[in-house]
Amino acid sequence: MSENTKILTIQDISCFGQCSITVALPVISAFGIETAILPSAVLSTHTSGFEGFTVRDLTEDLPAIQKHWEKEGIYFDAIYTGFIASIEQLDYIKDIIASRLKPGGLVFVDPAMADHGEFYNGFDQEFADKMGELCKVGDYILPNTTEACYLLHKPWKEEFTREEMLDMANELSEFTKRHVILKGDTNEEGKLGMLVLDKVDSSLEIVYNDRIDYVSHGTGDVFASSFVGSTMVGKTPTQAAKIAGEFTKKAIEKTIGDENHKYGVKFEQVILELNELLR
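Reading the sequence shown from the start, the letters are residues 2 to 280 in our numbering.
Heads up, some of the hints might be wrong.
Simulated pairs of lysine to any residue, SDA-like, Cα-Cα distance not exceeding 25 Å [as the list claims (entries may be wrong)]:
1. Lys158 - Ala129
2. Lys263 - Asp62
3. Lys267 - Asp199
4. Lys7 - Asp62
5. Lys95 - Asp199
6. Lys192 - Lys178
7. Lys155 - Glu134
Calculated from the structure, these hints are not laboratory results.
Build the full structure now, drawing on both the sequences and the hints.
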């Protein structure tokens, strides 16, 4: 990574609630990486645990922003996508990647659309199928088991055997240019595993972190953002997954016990520990 490395992250802005761009921007910046944003939508709060939130869909703004960047000669070393607001945006985003990514640049796709066996509000199988097309331009995809099942048209369940997880990781290799990071292996007691598959050399490793039984909005964004940052500073996918898992766990530990903090995890309170994790 050079001192001029630039990343673009494309996802929503939730004005209140620790998720999406309000996670990605500070976390990736903490790695010393210049981070640009392209909001897919602006929400008053995120969509979990709040009622009556406002949403401003920015689908129609994306082509104009792309044209301005083309005029200004703005390019990026990596593009990282998260929560996408509409199915129409997926084609626009593929155009932006084709136009604004530097030769040899990296694409990270977090198919943020579902968890715990259900789609997020407003998403459906048609969206998942279109998301699969975006995944195919990704160098890295980072689905949880629910998202993997929708991409693969498989039924979801609370627990998957190791063999089932391995099969899913291999099937997901059809949805990416190279790397699959499949989250949610629960086959080791007290541990949460991630399968890290490189389809180019057919290598597969499982990375474990201590499992904490705590459900919160935004943990996937904390994981994905710290994975992207770790990768861009030279860590291998396996190392990056371990760092991202530990960082997410630390953020959860800081949040547990605060009954008034149900809208995310306190990643800000452990962000200075990223340098220690990188070492």
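The hints, checked one at a time:
1. Lys158 - Ala129: At roughly 18 Å apart (the allowed maximum being 25 Å), alanine 129 and lysine 158 satisfy the hint.
2. Lys263 - Asp62: 32 Å, violated
3. Lys267 - Asp199: 32 Å, violated
4. Lys7 - Asp62: Answer holds: lysine 7 to aspartate 62 is near 22 Å, not above 25 Å.
5. Lys95 - Asp199: Measuring from Cα to Cα gives roughly 22 Å; hence the hint holds.
6. Lys192 - Lys178: Distance ~29 Å between lysine 192 and lysine 178 Cα, so the pair is violated.
7. Lys155 - Glu134: 17 Å, holds
Checked against the numbered hints given earlier, this structure breaks hints 2, 3 and 6; the rest are met.
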